[in-house]
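Engineer: Given next are the chains, with one letter for each unit.
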Amino acid sequence: MTKLFFATDIHGSDICWIKFLNAGKFYEADVLILGGDMTGKAVVPVVHQGGKNYRMTLLEQSFNITTDEELQDMTKRVRSRGYYPYLTTPDEISELEKNPERVSEIFNQEVLKVVQQWMELADKKLEGTSLKVYCSPGNDDMDQVDDIIRSSRRVVLVEGQVTPLDSHHEMVASGWSNRTPWDTHREEDEDQLEVRYEAMMSQLKDPRNAVFNIHVPPYKSGLDEAPELDKDLRPVLAGQSLKPVGSTALRKVIEKYQPLLSLHGHIHEGRGSTRIGKTLCINPGSMYEQGTLLGAIVKLGSNKIENYVLTSG
Amino acid sequence: MTNLFVRKATGLVRSWSVFDAFVYALFSINLITLGLYSFSQMYYFGGGLIPALIVSALFIFFEVVVYAALIAVMPRSGGDYVWQSRILGGAVGFILAVTGWWFILWLWVPLYGDMFRHIVLVPLLGVLGARDLALWFAGTNNGSFVAALITLTIVSIFIALGMKTYARIQKFSFYGGMLGLFIVITLLLTGSPEAFRAGFDANATSMFGAQPGVYEATATLGTGAGAALPLVGGGLGLIFLTLPYLVFFNLWPNWGATLYGEVRGATDFKRNIAGMGSALLVTTLLGMLLLYAIGRTIGWDFYVQSGAAWWNYAWGFTTEAPAFPVWPYPALFASFLTSSRVLQFIVIALMSLWWFGWSGTVFLSSTRVIFAAAFDRLLPEKVAEVDERTGTPIYALLMMVLPSIVVSYLFSYNIANFRSLTLASTLVIAVTYLGTTIAAIVLPYVKPDLYNASPIAKYKILGIPLITVAGLIFGGFLVFLLYQWILDPNALYGIGYSINEAGYKNGTSIIYMLANYALAALIYFGFKSYRKRSGIDLDKVHSEIPVE
Chain A
0 MTKLFFATDI HGSDICWIKF LNAGKFYEAD VLILGGDMTG KAVVPVVHQG GKNYRMTLLE
60 QSFNITTDEE LQDMTKRVRS RGYYPYLTTP DEISELEKNP ERVSEIFNQE VLKVVQQWME
120 LADKKLEGTS LKVYCSPGND DMDQVDDIIR SSRRVVLVEG QVTPLDSHHE MVASGWSNRT
180 PWDTHREEDE DQLEVRYEAM MSQLKDPRNA VFNIHVPPYK SGLDEAPELD KDLRPVLAGQ
240 SLKPVGSTAL RKVIEKYQPL LSLHGHIHEG RGSTRIGKTL CINPGSMYEQ GTLLGAIVKL
300 GSNKIENYVL TSG
Chain B
0 MTNLFVRKAT GLVRSWSVFD AFVYALFSIN LITLGLYSFS QMYYFGGGLI PALIVSALFI
60 FFEVVVYAAL IAVMPRSGGD YVWQSRILGG AVGFILAVTG WWFILWLWVP LYGDMFRHIV
120 LVPLLGVLGA RDLALWFAGT NNGSFVAALI TLTIVSIFIA LGMKTYARIQ KFSFYGGMLG
180 LFIVITLLLT GSPEAFRAGF DANATSMFGA QPGVYEATAT LGTGAGAALP LVGGGLGLIF
240 LTLPYLVFFN LWPNWGATLY GEVRGATDFK RNIAGMGSAL LVTTLLGMLL LYAIGRTIGW
300 DFYVQSGAAW WNYAWGFTTE APAFPVWPYP ALFASFLTSS RVLQFIVIAL MSLWWFGWSG
360 TVFLSSTRVI FAAAFDRLLP EKVAEVDERT GTPIYALLMM VLPSIVVSYL FSYNIANFRS
420 LTLASTLVIA VTYLGTTIAA IVLPYVKPDL YNASPIAKYK ILGIPLITVA GLIFGGFLVF
480 LLYQWILDPN ALYGIGYSIN EAGYKNGTSI IYMLANYALA ALIYFGFKSY RKRSGIDLDK
540 VHSEIPVE
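These protein sequence lines map, in sequence, to chains A and B.
Under numbering that gives the first Met the number 0, the first residue of the first sequence carries the number 0, and numbering increases by one thereafter.
Under numbering that gives the first Met the number 0, the first residue of the second sequence carries the number 0, and numbering increases by one thereafter.
It should be emphasised that the hints constitute simulated quantities derived from the structure, not laboratory data.
We treat Cβ as the ideally placed atom computed from N, Cα and C, and that holds for glycine.
Hints may be right or wrong, so weigh each one.
[Stated by the list, open to error] For lysine-lysine, the following PhoX-like pairs were computed, each having C-alpha atoms within a straight-line distance of at most 25 Å:
1. B:Lys539 <-> A:Lys303
2. A:Lys251 <-> B:Lys163
3. B:Lys539 <-> A:Lys131
4. A:Lys112 <-> A:Lys131
5. B:Lys457 <-> A:Lys51
6. A:Lys75 <-> B:Lys457
7. A:Lys230 <-> B:Lys170
8. A:Lys112 <-> A:Lys123
9. B:Lys7 <-> A:Lys242
10. A:Lys242 <-> B:Lys381
11. A:Lys230 <-> B:Lys7
12. A:Lys75 <-> B:Lys459
13. A:Lys204 <-> A:Lys219
14. B:Lys381 <-> A:Lys219
15. A:Lys123 <-> A:Lys2
16. B:Lys457 <-> B:Lys269
17. B:Lys446 <-> B:Lys539
18. A:Lys124 <-> A:Lys2
19. A:Lys303 <-> B:Lys381
20. A:Lys75 <-> B:Lys7
21. A:Lys242 <-> B:Lys163
22. A:Lys298 <-> B:Lys531
23. A:Lys303 <-> A:Lys255
[Said to hold, decoys possible] Just a few of them, taken from the derived set where beta-carbon distance is under 7 Å, the chain B residues facing chain A:
24. Ala90
25. Ala452
26. Gly534
27. Val540
Working from the sequences, and respecting the hints, build out all of it.
Structural biologist: What follows is the structure, given as structure tokens:
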């Protein structure tokens, strides 16, 4: 039977991507599934000061770079947190501060460049192996990411599709989420989400042996508890007040189809597992900024989950 | 100049309010529940209470720095369990986390219950004229046990209501409790010793049926019991010996810290220190003010004597019942300065909020640890189940409630001298903190990549990372506390195996604490072996995947 490894929300972290590609061998998994939100959230300007000198600020710490080695080291440090270093000049920075559209362009350019590098790395590392790698971008990932994944020889884009995992199990996948306060790339209202989900799930041959790979967790599953925010996006009550933010549409379809397994992400602090009826639902969480790849290993049996465990790699 | 371009992406939130963090930490080092409860028990110490408060706060500030630093390196990761597991190994992390954040909370339940009856039930019933019921709760083993059961019920309801609702209850309790404390301090600062003595004699008699001359009788009993605790002075050595008892009250400003959000820079690190540190500072200052106000009007000697008279009897050192038949609660004493039953009720009710805003913490942390252990397959999957209708973690709650009932029974009826275990509740958590502190000390050296990529990497003292320096200071303090508790060379704490000939060798305490650790080890190694047989190597699933 198939042993799958699932991870999600690695948000641009090179370390997590390499660990993800190595996870198949490490955990002896047959299938690797990345649940979405591959792309990072911030670009860090590395500002040229003349010669080999650069200046940058990371996590509110200023760094003066004076050698090529230091530049390489700082670039690696920025990338390890999932941020994108951008070599620039003081003049360009002044220009960018007045031109948000250009900032957006740079953002896309840096993000897509890294996704392209990741796909090339995957093609190289997985060459000659039988490992299957599936990926469905999440709500934070821009549309252009899909085309880059499609260009990969070893990573399969599974957004919106029914994908056979083995002779008994099929997988449906979607990175779309319900509405968030951030107005991200792939989010929509619950009724539209339900239509999206139904379009995939109605094609399943055996829903009860299916795997749902849906980025957003189901509503009130315990996997969707996030700090409550005020109107300024500030956590209220020092983050002690948690509230469910998952999808009601997803919960509805899980209750209806009762798949064997449902894999989620989106809420980084929602690490855990739960059951909705007969369905095992898992959100492995995310600690991408620390370079830790959180994940889940699941051994699929016929009509049952043979075994599962959350991992911290 | 622009340092960072951030796009719209899920989870990018602004910093949480320092004030909110302050409120949560302030309730965790709760002056009215933990503070007054421990002050009254410390009647026989020789170190001044006010200097002891200051010295303990100085050391505990380094605890704040250690935890704020760990949060900065590994935010929202699950706290002590994850920090220790990743730095010191899975077995250490599991054993210290479940003992410190779960098992020992069983012992805290009767302590919360004891504070509930003394701070909420008894004074409210007394003011409302239900004298017999008040005395039943105050002075009987059955009353103690029922108070623990009510406590269990209330905190279970808090769990069922969820964090969102409970966080609001806490905020309301903060404002109400602060108003109550303001009234209490005002009453004490505007009253006179003569008015208090008259009010005490009158109210003790009318409210609780004490015999005339109760003030004098209480003072005599307290003196005979060895009341000695000074408000100030006492010498540095005696002040340090007071600390292992005092930290029962103030070792916890970090209690909710592991939930604090993503740290994106030095500013957020400082905000964490500000939230917890300001709570420590304000609580210490409020404590000093309250103690001064107590000394001014109630009279410091009488306050200590009343505590001595109560605990000397409660702990079984005398068969002579205290003349004042309820726990000497300063807010109740302050209410005796007014003859208005309405004002008395308002004061006691408002001060009760200090208990309600704090009590939910006893299970909230435990349920998180139980869930984390279940997700790591170190407990059955079932224990992480949540009832779909009520949202209550039924099995996790039962794993807290059922053992707590047994421990509350042992405590309430003082079976095998269980009431002597009060400080063991602090010792076991201090051991957990020591594990975390050691993890913090070595973090920059054993996980340099993780540390160097964090916002605290730039903070150094004489070239040594701040987290290491703060860890060494706080760790040294914890080692001092553990030495005093366990070997008790001056026969002061009664929860260890005293090396002093006159000291107490508390077999119940030692067996109880060791049983906690043995149970944790049994669960860890038992489940690890069981999972391995079913194809899951728990060592491997928590090992770092090579980056090559």
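Engineer: A separate judgement is required for each hint: does it hold in the structure or not?
Structural biologist: Verification of the hints:
no. : hint                  : in the structure
1   : B:Lys539 <-> A:Lys303 : holds (24 Å)
2   : A:Lys251 <-> B:Lys163 : holds (24 Å)
3   : B:Lys539 <-> A:Lys131 : holds (22 Å)
4   : A:Lys112 <-> A:Lys131 : holds (23 Å)
5   : B:Lys457 <-> A:Lys51  : holds (23 Å)
6   : A:Lys75 <-> B:Lys457  : holds (18 Å)
7   : A:Lys230 <-> B:Lys170 : holds (19 Å)
8   : A:Lys112 <-> A:Lys123 : holds (17 Å)
9   : B:Lys7 <-> A:Lys242   : holds (21 Å)
10  : A:Lys242 <-> B:Lys381 : holds (22 Å)
11  : A:Lys230 <-> B:Lys7   : holds (15 Å)
12  : A:Lys75 <-> B:Lys459  : holds (23 Å)
13  : A:Lys204 <-> A:Lys219 : violated (28 Å)
14  : B:Lys381 <-> A:Lys219 : holds (17 Å)
15  : A:Lys123 <-> A:Lys2   : holds (23 Å)
16  : B:Lys457 <-> B:Lys269 : holds (13 Å)
17  : B:Lys446 <-> B:Lys539 : holds (18 Å)
18  : A:Lys124 <-> A:Lys2   : holds (20 Å)
19  : A:Lys303 <-> B:Lys381 : holds (17 Å)
20  : A:Lys75 <-> B:Lys7    : holds (24 Å)
21  : A:Lys242 <-> B:Lys163 : holds (6 Å)
22  : A:Lys298 <-> B:Lys531 : holds (14 Å)
23  : A:Lys303 <-> A:Lys255 : holds (18 Å)
24  : Ala90                 : violated (15 Å)
25  : Ala452                : holds (5 Å)
26  : Gly534                : holds (6 Å)
27  : Val540                : holds (4 Å)
Hints 13 and 24 from the list above are not met by this structure, while the remaining hints are.
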